[in-house]
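K.L.:
Please put together the full structure from these sequences, using the hints given.
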Amino acid sequence: MTAATRTGTATNPVRRLLPRPRPRGRVVAAVLGALLVLLLVSVLALSLGDQATAPAALWQALRGHGPENTVYAVHEVRLPRVVLALAVGAAFGVAGGLSQSVLRNPLASPDVLGISAGASVAVVGVIAVGSLGGPVGIVPIPVAALAGGLAAAGLIALLARDGALRGRRILLVGIALSAALTALTQFLLTRIDVYDAQRSAAWLTGSLNARGWGEATPVLVGLAVLLPAALVLARTNRALLFEDEVVAGWGVRPGRARAALLVIAVCLAALATSAAGPVAFVALVAGQVARRVAGVPDIPPVLAGAAGAVLVLVADTVARTALPAQLPVGVLTGLVGAPYLLYLLQRRRSTRGTP
Amino acid sequence: MPITATSAARLRADAVTLGYGDRTVVRELSLDVPDQQVTVVVGPNACGKSTLLRGLARLVPTTGGSVLLDGKAISERPTREVARVLGMLPQSPVPPEGITVRDLVSRGRHPHQSWWHQWGEGDTEAVEGALRATGTAELAARDVDELSGGQRQRAWIAMAVAQETDLLLLDEPTTYLDMAHQLDVLELVAALNRDHRRTVVMVLHDLNLACRYAHHIVAMRDGEIVAEGPPGEVVTPELLREVFSVEATILTDPRTGTPVIVPHRTVQD
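Just so you know, the sequences run in chain order B and P. Counting in my numbering, the first sequence runs from 53 upward without gaps. Counting in my numbering, the second sequence runs from 71 upward without gaps.
You may find that some hints are simply not true.
[Said to hold, decoys possible] Pairwise CB distance ranges (calculated): (1) Thr87/P - Val315/B: 32 to 42 Å; (2) Leu396/B - Arg264/P: 16 to 26 Å; (3) Val315/B - Gly91/P: 21 to 31 Å.
[Said to hold, decoys possible] Calculated Cβ distances over 12 Å to all of chain B for the following chain P residues: (4) Pro160; (5) Met229; (6) Asp236; (7) Gln252; (8) Arg264; (9) Glu298.
[Stated by the list, open to error] One side only, chain B facing chain P, incomplete, derived with CB under 10 Å: (10) Arg156; (11) Val225; (12) Leu279; (13) Ala291.
Hints listed in this document are in silico derivations from the structure and should not be mistaken for laboratory results. For each residue, glycine too, the CB sits at the ideal point set by N, CA and C.
P.N.:
So this is what it looks like as structure tokens:
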């Protein structure tokens with residue numbers, strides 16, 4: 053704060069009573085709050101299971117002490133799953149927040165646009181090659197998902213290029229592409245070995261069952277690289293809330309900036325899909341929750357990631373512990389997300405630039 | 071700031087051709103924008119005046135000739151560097167939903183910042199100064215959505231002012247405003263030129279307001295400049311017939327000495 057403003061505050065007592073112009077202060081508070089919620093939910097998720105673990109015993113078990121079966125349950129069963137849920141949720145959340153803000157549309161998330169469907173069809177394609185007598189696992193699953201997601205994004209950009217990547221057109225193209233890719237996935241499922249088809253179908257609903265460090269690692273690496281990249285571009289991301297002519301007047305090349313941020317979003321969504329399948333609606337909902345919690349016109353990426361992580365972890369923990377049968381997490385997020393999508397559709401009357 | 075040579079305007083168009091796709095809108099146009107003056111571009115609809123302004127702001131690429139800023143082709147200079155010297159406000163921009171006036175105005179600091187230098191004292195001063203200069207300080211905490219048309223336009227101009235550029239290009243800053251708000255906005259622009267020595271180029275539809283606030287008028291038709299100079303010299307019945315196809319009487323405003331146009335009828339040519 054400058055000396056001038058400080059004297060200004062001192063000479064004008066009314067100014068001190070007015071709400072202070074620190075719009076980003078609320079974002080910082082929201083991020084800290086979200087991290088606290090994340091910690092609480094994680095502790096809860098680590099404690100719950102076939103046999104609940106008390107906090108003291110959990111702390112012991114995490115450090116490798118205590119009864120062997122508790123240590124096993126915490127270390128080998130719950131911890132990898134919790135980490136995976138957090139990583140997948142965060143990746144979907146950041147991806148959704150970025151694409152919604154860059155395309156200035158609350159519906160423009162990777163799941164709606166067919167990015168997850170592109171990653172899915174590539175993954176099922178790799179399984180199908182193995183199942184139909186070709187080499188098993190010709191490409192690692194995360195690599196296939198990345199390629200599929202990026203290919204779908206490229207196709208959307210190509211088909212929607214006249215719409216300048218914004219507005220309704222890109223949504224319509226994305227929804228059409230999503231439907232086509234899902235149909236292709238279904239077709240592949242009918243062609244392949246029953247066992248592989250069943251495994252793929254479970255994965256396609258979005259599930260964390262029987263998954264762990266192996267699946268979490270690529271997502272964590274992706275987050276470690278791409279989240280900092282998104283933060284470096286955060287200022288540009290906020291600038292893209294405005295029309296291209298305004299943005300260009302500030303010395304930003306809107307096309308380039310948008311492409312860079314969208315590639316980050318696509319890669320994160322594809323990696324998350326490779327680990328847990330296309331978990332429904334997480335990417336769509338997380339960014340919107342973040343925007344409302346922060347009370348800013350843009351979507352802070354870290355907050356969107358935290359919202360996604362909380363959503364997936366809570367949904368998976370409920371699916372794992374509170375329900376009579378172990379449901380895939382995607383069923384639960386779908387149950388929460390679908391009404392929210394309807395609410396967004398119903399509320400959105402104008403085509404105003406809002407992420 | 072002393073002007074070193076009268077012939078070298080900071081912003082110049084040198085035989086520029088501008089268009090969109092195959093359609094050429096402005097053809098081989100040359101213009102020296104007078105430094106530290108208010109230049110107003112006028113002309114009938116679709117004469118290319120907005121395109122010229124956007125070309126001067128490097129928002130439309132030239133297909134021939136070049137726009138020169140301080141003697142260098144604007145398209146070859148780093149766009150951030152240009153943004154610290156030249157600001158552009160498009161016609162009726164749409165603010166993002168839920169943005170406050172202060173947030174909007176602070177966005178003008180974008181070209182002065184980077185990710186390792188997010189916000190400094192200079193930025194705070196520039197934003198506070200812009201809010202004060204445009205009379206939007208008391209609106210700072212409000213949502214841009216809640217403002218009246220005139221207030222909103224002043225907030226956008228405040229954003230451009232906070233950018234602290236020597237040159238300011240405004241595309242029809244008075245669109246959709248009633249008479250009082252039009253005057254408010256143009257008085258504000260005149261004050262920015264007078265008190266802050268900013269060079270202003272704007273496109274206006276209202277010829278009478280153009281005559282009153284311009285030092286230099288540029289009259290365009292079909293992508294070319296028909297006449298340019300001080301309003302008192304340029305605006306004549308012949309020019310109005312040639313440029314606007316309108317028969318008119320020209321009076322002199324007894325208070326300001328600037329021309330006042332009284333249109334009679336359109337003429338077919």
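K.L.:
Which of the numbered hints above does this structure break?
P.N.:
2, 4, 5, 11 and 12
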